[in-house]
Amino acid sequence: MDATYAYLVQLLPAAAGWPPWLVVALIAALPALACFTFMSLGPLVYVYAERKISAFMQDRLGPMRVGPYGLLQTAADTVKLLFKEAIFPKGVDRRLFVIAPVLVNVGAFMPFVVIPWGARLQPADLNVGVFYVVAIASLSTVGLIMAGWASNNKYSLFGAMRSAAQIVSYEIPAVMILLVPVMIVGSLSLHDITEAQAGGLQSWFLFRYFPLMPVAFVVFFVAGLAETNRAPFDIPEAESELVAGFHTEYSGFFFAMFFMAEYTEMFVLSAVASVLFLGGYLAPVPALQQIGPVTIGSLSIGPVATGWLWLWLKAWSLVFVMMWLRWTLPRSRVDQLMYIAWKVLLPIALVLVAVVGFFVLQPATAGGFPWDRWVGWPLAALLVAFLFFVMVRALQWNRRRAQELAAQVTP
Amino acid sequence: MPSETTAREAGRGEGGPVDPAWPGQPEAVGTSDWDQDGLDTDEMIVNMGPQHPATHGVLRVELRTDGEVVRAARPHIGYLHRCFEKHCENVDYPGVMPYTDRMDYVAAMGNTLGFALTVEKLSGIEVSPYVQTIRVVMAELQRIASHAVAVGTYTMDIGAFTPFLHLLRDREKILDLFEWTCGARLLYNYNWVGGVSHDLPDGFVRATRDLLREFDSVTFPELLDLIIHNRIFVRRLSHVGVCRPELAISYDLTGPNLRGSGPARDLRKDAPYSGYETYDFDVCVGKGQYGPLGSCFDRNWVRTVEMRESSKILHQALDRLEKMERTDVHEKVPKRVKPPKGEIYFRTEAPRGQLGYYLVSDGNVNPYRVKVKSPCFTAMSVFHHLAKGMMIADVIALIGSLDIVLGEIDR
Amino acid sequence: MRQWLADVWEGFFTVLVGMRITWRHLFTSPVTLQYPSVKWPLPPRSRMRLFMKYEDCIGCGQCVRACPVNCISLKAEKRPADAPPIWAANGQPIKLHVAVFDIDMSLCCYCNLCTYPCPTDCIYMTPEYEFATSDITQHLYRFAKKDAVFLTEDPKKKAAAPGAAAPPPAPQTPPAKPAGA
Amino acid sequence: MDPKAIHETLVAKFGEKIQGASLEAASPFSVVAAEAIAEVAAFCKADPDLAFDNLMCLAGVDYPKETPPRMEVVYQLLSYTHLHTFALKVQLPRENPAVPTVERTWGVANWHEREAWDLLGITFLGHSDPRRILLPDDWEGHPLRKDWQDPEYYNGMHVKPTQQMAERALAGETIGVGPFDFTPPNRHVKEE
Numbered sequence: 077m078d079a080t081y082a083y084l085v086q087l088l089p090a091a092a093g094w095p096p097w098l099v100v101a102l103i104a105a106l107p108a109l110a111c112f113t114f115m116s117l118g119p120l121v122y123v124y125a126e127r128k129i130s131a132f133m134q135d136r137l138g139p140m141r142v143g144p145y146g147l148l149q150t151a152a153d154t155v156k157l158l159f160k161e162a163i164f165p166k167g168v169d170r171r172l173f174v175i176a177p178v179l180v181n182v183g184a185f186m187p188f189v190v191i192p193w194g195a196r197l198q199p200a201d202l203n204v205g206v207f208y209v210v211a212i213a214s215l216s217t218v219g220l221i222m223a224g225w226a227s228n229n230k231y232s233l234f235g236a237m238r239s240a241a242q243i244v245s246y247e248i249p250a251v252m253i254l255l256v257p258v259m260i261v262g263s264l265s266l267h268d269i270t271e272a273q274a275g276g277l278q279s280w281f282l283f284r285y286f287p288l289m290p291v292a293f294v295v296f297f298v299a300g301l302a303e304t305n306r307a308p309f310d311i312p313e314a315e316s317e318l319v320a321g322f323h324t325e326y327s328g329f330f331f332a333m334f335f336m337a338e339y340t341e342m343f344v345l346s347a348v349a350s351v352l353f354l355g356g357y358l359a360p361v362p363a364l365q366q367i368g369p370v371t372i373g374s375l376s377i378g379p380v381a382t383g384w385l386w387l388w389l390k391a392w393s394l395v396f397v398m399m400w401l402r403w404t405l406p407r408s409r410v411d412q413l414m415y416i417a418w419k420v421l422l423p424i425a426l427v428l429v430a431v432v433g434f435f436v437l438q439p440a441t442a443g444g445f446p447w448d449r450w451v452g453w454p455l456a457a458l459l460v461a462f463l464f465f466v467m468v469r470a471l472q473w474n475r476r477r478a479q480e481l482a483a484q485v486t487p
Numbered sequence: 009m010p011s012e013t014t015a016r017e018a019g020r021g022e023g024g025p026v027d028p029a030w031p032g033q034p035e036a037v038g039t040s041d042w043d044q045d046g047l048d049t050d051e052m053i054v055n056m057g058p059q060h061p062a063t064h065g066v067l068r069v070e071l072r073t074d075g076e077v078v079r080a081a082r083p084h085i086g087y088l089h090r091c092f093e094k095h096c097e098n099v100d101y102p103g104v105m106p107y108t109d110r111m112d113y114v115a116a117m118g119n120t121l122g123f124a125l126t127v128e129k130l131s132g133i134e135v136s137p138y139v140q141t142i143r144v145v146m147a148e149l150q151r152i153a154s155h156a157v158a159v160g161t162y163t164m165d166i167g168a169f170t171p172f173l174h175l176l177r178d179r180e181k182i183l184d185l186f187e188w189t190c191g192a193r194l195l196y197n198y199n200w201v202g203g204v205s206h207d208l209p210d211g212f213v214r215a216t217r218d219l220l221r222e223f224d225s226v227t228f229p230e231l232l233d234l235i236i237h238n239r240i241f242v243r244r245l246s247h248v249g250v251c252r253p254e255l256a257i258s259y260d261l262t263g264p265n266l267r268g269s270g271p272a273r274d275l276r277k278d279a280p281y282s283g284y285e286t287y288d289f290d291v292c293v294g295k296g297q298y299g300p301l302g303s304c305f306d307r308n309w310v311r312t313v314e315m316r317e318s319s320k321i322l323h324q325a326l327d328r329l330e331k332m333e334r335t336d337v338h339e340k341v342p343k344r345v346k347p348p349k350g351e352i353y354f355r356t357e358a359p360r361g362q363l364g365y366y367l368v369s370d371g372n373v374n375p376y377r378v379k380v381k382s383p384c385f386t387a388m389s390v391f392h393h394l395a396k397g398m399m400i401a402d403v404i405a406l407i408g409s410l411d412i413v414l415g416e417i418d419r
Numbered sequence: 383m384r385q386w387l388a389d390v391w392e393g394f395f396t397v398l399v400g401m402r403i404t405w406r407h408l409f410t411s412p413v414t415l416q417y418p419s420v421k422w423p424l425p426p427r428s429r430m431r432l433f434m435k436y437e438d439c440i441g442c443g444q445c446v447r448a449c450p451v452n453c454i455s456l457k458a459e460k461r462p463a464d465a466p467p468i469w470a471a472n473g474q475p476i477k478l479h480v481a482v483f484d485i486d487m488s489l490c491c492y493c494n495l496c497t498y499p500c501p502t503d504c505i506y507m508t509p510e511y512e513f514a515t516s517d518i519t520q521h522l523y524r525f526a527k528k529d530a531v532f533l534t535e536d537p538k539k540k541a542a543a544p545g546a547a548a549p550p551p552a553p554q555t556p557p558a559k560p561a562g563a
Numbered sequence: 129m130d131p132k133a134i135h136e137t138l139v140a141k142f143g144e145k146i147q148g149a150s151l152e153a154a155s156p157f158s159v160v161a162a163e164a165i166a167e168v169a170a171f172c173k174a175d176p177d178l179a180f181d182n183l184m185c186l187a188g189v190d191y192p193k194e195t196p197p198r199m200e201v202v203y204q205l206l207s208y209t210h211l212h213t214f215a216l217k218v219q220l221p222r223e224n225p226a227v228p229t230v231e232r233t234w235g236v237a238n239w240h241e242r243e244a245w246d247l248l249g250i251t252f253l254g255h256s257d258p259r260r261i262l263l264p265d266d267w268e269g270h271p272l273r274k275d276w277q278d279p280e281y282y283n284g285m286h287v288k289p290t291q292q293m294a295e296r297a298l299a300g301e302t303i304g305v306g307p308f309d310f311t312p313p314n315r316h317v318k319e320e
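So the sequences go chain by chain: A, B, C and D. Quick note: the first sequence uses my numbering, first residue 77, plus one each step. Quick note: the second sequence uses my numbering, first residue 9, plus one each step. Quick note: the third sequence uses my numbering, first residue 383, plus one each step. Quick note: the fourth sequence uses my numbering, first residue 129, plus one each step.
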């Protein structure tokens, strides 16, 4: 808020004399507007990227018609969706039917308020940031259930029930894992968590307590996949089972809103995961944190802070991994989903919380570092090499076994 | 992982009408126990299809579900009924061929081959070894293409899109070969009574070899790695839709569906036609490597490895074609196809199982009566037995694993 | 516990294996084409739109009988006795005046059965496949011509005659025709 | 077992109820009295020498021109144990043909019999689910009978296409495209 106020005063010196309520409204509205514009245009890019990535993975070309390389395809689709008639099927609960997509979008967009894009580039640095993200993101569940209930469609209802069960279950391991960085930092503020990872690549939380935090990251990521209804956990909208799940009956603009919410949630999750584990806006090398000042002739540019770029890149690569997973994996079943949540992720998360908590309390390893730098990193290198070796061997073995099984098919 | 069984037990456990015949005394099979009025209060009827995305066409399944668990299922077929058998009575024998093409439109070569062989058997026509070899080549190429669609769409039912498109890519190459040979990509009218419509074009053998080499060395291992041995895929299928051999035989499951349950029965071995007895190949059976024998996974597995076996047969057939002297492929085609008075039941191993033609001839140019025993029809008749106690997602898996083509069920 | 660990590890590992394959495919060249701008070359035997060369039709009606879906309708009447004799390109005399020869391509099943019995090879399937219209009546092809120019000389005799200046304008018929169908 | 031995086994067991046979045909069969088919079927499945555990096909055929006019139901049997095949045949009157069901012997008969009822109007006594299977539930008549006439309307829809375009054109309507003044390629592709 202070930063925004400073910008505002810098831009409009007269604003300092305005009535306080106007100033407060302005400094609240400006970042919100910026955030919303940026984020709501985001899905255009994500959808295009998803379609292209899926196409390339499937040896296809993907959209090529609208604009060069189909770049304007999603824009055209958006226009189409906006101009399409919103159909209210017979028997829907109109009020809930309309509110549901709005609520889902609220849940998807609100977490942006606390995501730090730079040391001072944060719409609001809440001291309960992590808690806020978890709480507000769950709001979309309510929207999904509303949508499923209001649609007066059995498939929608199935989808809604599945999504409720799924999100409630996956919230638990996700929150458990959120505890881990919070314990290390001792603060719920996302800004503080990011700042605690300063010092380059090796001090990101992903690489602390070496074998532990990567596992935590994977667990968080998997739980996040389930919370955003992405494959292989896209069972609420499993199109081969439930037609389209909770948004079966939605069309036109309302459908576009669900679509937007889904992609926004993807980005939110990736951004939060980057902040918690990948150092947020911090550059992998501290020197890259800001560029400049560059002097070209008499013109002097900078210094330009690159924090937003780093967070954007990190979040994007996580979004890419999500897409990658989606176009690789089949969908799991409802009970298997619950199995993964309660019997795989939750025990791992509990163990992690306990062990990391122990390390945090130990004075020798409190900062995470002395233990890490001299033992963890060589161990990490060794382990990565070993994993690589195992991968290669297992691949060969897998191939051989497949061929053997294919060869000996006689009873 | 015990969760698969608990889901089913929950379905069979408390309340609800539980079929005493499941998993089935063969004496009691065949009766249907759909009790429309005896609906419990917590049960609901879900209508799946005929426009459902995963019912492989226009199949409609009525499900009585308790939550996600299916208590009873009732398939309704006939949405694609064209009364093929009535058509046959009104056209001459060559004119029946295009109609047989349109039954199992995914594997049209197998249908025409079956009918051509039936009429040839009744009229006592022996085609030359060259034509026989061409027919074997075409039938096996068609088997690969058909299984590619079957396995591909199956993975799509389970939620993975990419293997589907990878397999369709290879199927397209096979269709290119067909188009090159006879001018059509889907409905060939290639096998005639007493011959085939076109001789193979020059270079066909080499092109087929190239295709097979790529299939054997790239597509097939990739398919195994990407999806078949994927843990999620295996877990989804390996305990689902278990069909014991007695049930399978009683319900006349044939082809890969029967072999998935264990019995190594393949007409190409048991009652060879077109010189299949001279080829060296194995009968693929389900191995139950991940669960009970006869599950959805095993049926799909049989289809997968059968592609490899077909490629083995093809290599041998291509070797023979290279050495063989070309003869006129129309040599034995009669001017007017008029089989003597009589009746015959003849069956061939189509990609989806035993395709039987019961043909009654009264010595005219038109068949007096043609009855088709289509493998999908009988496979679908066991559906209500296997679907009981499943989850909705498993119903999709079951339909896919039976590999039905509605054009053939409804005829 | 061991089973549990093995399951978790195998699940994780098979996912990685799958991801590796899709990653590799990310960089292979696509196999699809930009259809209207790039077209697949069709093999010569492609069976698409039917065509009937009216000048060669002798009105025998064999194609009509062969068609399993009755998409050909033909009306032929005897040519008047005083009309000049005409021939098809392969030397078959045309004795009948084909008043109507309609093919309803919306019914055609592309089975190719009509082309085999034709004695003059005047009906055949062409590799032309882009003939979708929004009006179904545009799929009724009416091949009969009012002002058709027929061969008024027997092409066989002409070819055999010494000193024939030019070959007949229509292409020669194939020598042998497969029997049947 | 060869067809002759199978037939003899059946005759030895059921005597009069096996009414005839054609053992030299392409698909050999025995004719069974209609009322006995269920027990013959059960015997065929249970007898260890026959062991016909599979019903490959069940087909109804209409013979209105025979004397007397009759309908036939043909059961194609297969033994997965011995890999021999045989057929049983039941001859029924054309008026109200009825035959006991065999669905309790072979599960697959359920759908085959429904189909035979649907398309030929053969009643299967004791069938657990005697509904139409391929045609709509409110369809009238059985199309595979030889005396079947297409109805004009079904639920207010024309069953036959109103008038095919070629007929309209013959009647003088100016529709369609043509004539064509070009010769497209592919003419002599048959010779290559």
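By construction, these hints were calculated from the structure, which means they are not laboratory data. Treat the hints with caution; some may be incorrect.
[Said to hold, decoys possible] In silico BS3-like pairs for lysine-lysine, Cα to Cα no more than 27 Å straight-line:
(1) D:K173 x B:K346
(2) B:K94 x D:K132
(3) B:K343 x B:K129
(4) D:K132 x D:K173
(5) C:K527 x C:K421
(6) B:K129 x D:K193
(7) B:K343 x C:K477
(8) B:K94 x D:K274
None of these values were measured; they are calculated from a predicted model.
- Item | Broken hints, by number | Hints 1, 2 and 5 are the ones this structure does not satisfy, whereas the remaining hints hold.
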